[in-house]
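Got chain A sorted already, so can you dock chain B onto it with the hints?
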Amino acid sequence: MKRGAGTVRRLRKLHWADWAILALLGLFFGYVWFQIDGTLKYKWRWEIIPQYLFRYDEEQGRWVANILMQGLINTVRISVLAGLLALVLGTALGLARVAQNLTIRMLARTYLEFLRNIPAVVVIFIFYFFLSEQLIAAFRIEAWARGIARGENAWIWELFFGDMRRFPSLISGIVVLALFESAFVGEIVRAGIQSIPRGQREAAQAIGMTWADEMRFVVLPQAMRKVVPPLANEFIALVKNSAIVSLISVHDLTYKTVELVSSTRAIFEAWITTAVLYGGLCFLLSLLFRRFERAER
Amino acid sequence: MTARPIIEIRGLGKFYDGFEALKNINLDVHSGERIVICGPSGSGKSTLIRCINRLEEHTSGELVVDGIELGEDTKDIRAVRQEVGMVFQQFNLFPHLTVLENLTIGPVRVRKIAKAEAEARARKYLERVHIPEQADKYPAQLSGGQQQRVAIARSLCMEPRIMLFDEPTSALDPEMINEVLDVMVELAGTGMTMIVVTHEMGFARKVADRMVFMERGEIVEVAPPDVFFTAPKSERCRAFLDQILEH
Numbered sequence: 669m670k671r672g673a674g675t676v677r678r679l680r681k682l683h684w685a686d687w688a689i690l691a692l693l694g695l696f697f698g699y700v701w702f703q704i705d706g707t708l709k710y711k712w713r714w715e716i717i718p719q720y721l722f723r724y725d726e727e728q729g730r731w732v733a734n735i736l737m738q739g740l741i742n743t744v745r746i747s748v749l750a751g752l753l754a755l756v757l758g759t760a761l762g763l764a765r766v767a768q769n770l771t772i773r774m775l776a777r778t779y780l781e782f783l784r785n786i787p788a789v790v791v792i793f794i795f796y797f798f799l800s801e802q803l804i805a806a807f808r809i810e811a812w813a814r815g816i817a818r819g820e821n822a823w824i825w826e827l828f829f830g831d832m833r834r835f836p837s838l839i840s841g842i843v844v845l846a847l848f849e850s851a852f853v854g855e856i857v858r859a860g861i862q863s864i865p866r867g868q869r870e871a872a873q874a875i876g877m878t879w880a881d882e883m884r885f886v887v888l889p890q891a892m893r894k895v896v897p898p899l900a901n902e903f904i905a906l907v908k909n910s911a912i913v914s915l916i917s918v919h920d921l922t923y924k925t926v927e928l929v930s931s932t933r934a935i936f937e938a939w940i941t942t943a944v945l946y947g948g949l950c951f952l953l954s955l956l957f958r959r960f961e962r963a964e965r
Numbered sequence: 003m004t005a006r007p008i009i010e011i012r013g014l015g016k017f018y019d020g021f022e023a024l025k026n027i028n029l030d031v032h033s034g035e036r037i038v039i040c041g042p043s044g045s046g047k048s049t050l051i052r053c054i055n056r057l058e059e060h061t062s063g064e065l066v067v068d069g070i071e072l073g074e075d076t077k078d079i080r081a082v083r084q085e086v087g088m089v090f091q092q093f094n095l096f097p098h099l100t101v102l103e104n105l106t107i108g109p110v111r112v113r114k115i116a117k118a119e120a121e122a123r124a125r126k127y128l129e130r131v132h133i134p135e136q137a138d139k140y141p142a143q144l145s146g147g148q149q150q151r152v153a154i155a156r157s158l159c160m161e162p163r164i165m166l167f168d169e170p171t172s173a174l175d176p177e178m179i180n181e182v183l184d185v186m187v188e189l190a191g192t193g194m195t196m197i198v199v200t201h202e203m204g205f206a207r208k209v210a211d212r213m214v215f216m217e218r219g220e221i222v223e224v225a226p227p228d229v230f231f232t233a234p235k236s237e238r239c240r241a242f243l244d245q246i247l248e249h
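Residue numbers (the numbering used here), protein chains in the order written: chain A, 669 to 965; chain B, 3 to 249.
Just chain A, with the same shape it has in the complex (with noise of 0.2 angstroms):
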């Protein structure tokens, strides 16, 4: 990469004020550690939490992964599950932002502008409790997740929902967030159906196409293409909003954190461990997505 004769150089060496600065973060880290040491007389056992992480399976003789990790898997299982249907319902409300009938345009805006202005877990808790168990009760959900549990082909569901038993309580967790999420994904749809210049509309509706055809030959595709690195930084925050399906006791990271807490009291060390794997889940991701984004260019 080249850089032009405009553009600002970088510092790569440290300065006497970025010493101080530097000094003064120390400063205060160590006055926060010197309270939690002293004061608080806490009693760090970093050592009890690895056998959290992973634990050895006498009767499989192998390794398994203990509540921190079934926790992380659930949380990546239910941000990829709740991320495909987002995507899915949120290019819907996208569409529909753009929609020719006004009903549909005010009943797209309605719905946008109620999971805008409400705080998520408000609007979880009311998905939850209006939507998602009146549905699971009314598709007899877990009686069918149990018998599946009970089948021969357990394993290919389990490696899609974890353990079948508590899979309404997943799958309502997938949803609620699914529809939280559809919001923000259907406005940067919408951003991105409205960046296609009306030429290419034009063009399309002058060899006769109908509106739905218009959208799925020539807009969306062109649309899709260009909103692909906003949906990806609205991935990695939806896998962070993820921790609050904890709340209708989803078997996420964050519930399982909460769990370990109080059955060892080590609030530091579990809530530390959590945040270092959310933090690197996430990590992680944006870096592939950056990847991503060079390589198409």
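Some clues are possibly wrong.
Computed beta-carbon distance windows for the label pairs [stated by the list, open to error]:
#1 B:A122 with A:V766: 47 to 53 angstroms
#2 B:G13 with A:A900: 36 to 42 angstroms
#3 B:G44 with A:A963: 42 to 48 angstroms
#4 B:Y18 with A:E961: 39 to 45 angstroms
#5 A:T778 with B:E64: 35 to 41 angstroms
#6 B:Q143 with A:A900: 27 to 33 angstroms
Incomplete in silico selection of chain B near chain A, CB under 8 angstroms [as the list claims (entries may be wrong)]:
#7 N55
#8 R83
#9 Q92
No lab work stands behind these hints: they were computed from the structure.
This one's a predicted model, so the numbers in the text were calculated from it and none came from an experiment.
Every residue gets a Cβ at the ideal spot worked out from N, C-alpha and C, and that includes glycine.
The following block gives chain B in isolation, referenced to the frame of chain A:
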């Protein structure tokens, strides 16, 4: 000519944002006729031809294309659009599709003909516009003149009865104008009904059956080219011709 005109425009008007873009336009176009519309910018030329395939909605008067009156009915509008090809100033090719796909998407998705047949047809029209070798490239890999010829071929693939051209050479570099005009002259030779908005007076002289001069949303003068260029009746038309033919 006793047959019913293929395009009938009666008392057509268009208002938008309190601005009268078209005023009481009356014009009949017969099958096989070539009409060239000229006039200063903002005179409503583009608006008029965009009304013919209803990319713009007229607000008063009557517009009948190929026996179908254009109104609110979306089926009628699509039926008309299939019979009316349009070439835009900015080409408007689909950048995510290859040249061949640009040409087949209309026939396959709108006319519902088989893909193989659509491809054969596409290659035939690419031959017609003299770029058969570009079929697998993307629009961005072509020059402006080539892109516009692809756009013409795309319209022709729908096998329309009427072709509209909205300043097809205005966005082109000078050295590419002729390759597009040549294709249009050849098309005129096949008996296609054409309505062309352009300032290319050489082209107009060569192919037009009738010249239409517009100003401020009105048709000021309609005349065969020999009369139009040598003895225009209206003062405004003469002034316009003086300006553009000066050089």
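Hints versus structure:
{"no.": "1", "hint": "B:A122 with A:V766: 47 to 53 angstroms", "verdict": "36 angstroms, violated"}
{"no.": "2", "hint": "B:G13 with A:A900: 36 to 42 angstroms", "verdict": "55 angstroms, violated"}
{"no.": "3", "hint": "B:G44 with A:A963: 42 to 48 angstroms", "verdict": "47 angstroms, holds"}
{"no.": "4", "hint": "B:Y18 with A:E961: 39 to 45 angstroms", "verdict": "41 angstroms, holds"}
{"no.": "5", "hint": "A:T778 with B:E64: 35 to 41 angstroms", "verdict": "40 angstroms, holds"}
{"no.": "6", "hint": "B:Q143 with A:A900: 27 to 33 angstroms", "verdict": "28 angstroms, holds"}
{"no.": "7", "hint": "N55", "verdict": "6 angstroms, holds"}
{"no.": "8", "hint": "R83", "verdict": "4 angstroms, holds"}
{"no.": "9", "hint": "Q92", "verdict": "5 angstroms, holds"}
Violated hints, in rising order: 1 and 2; the structure is consistent with all others.
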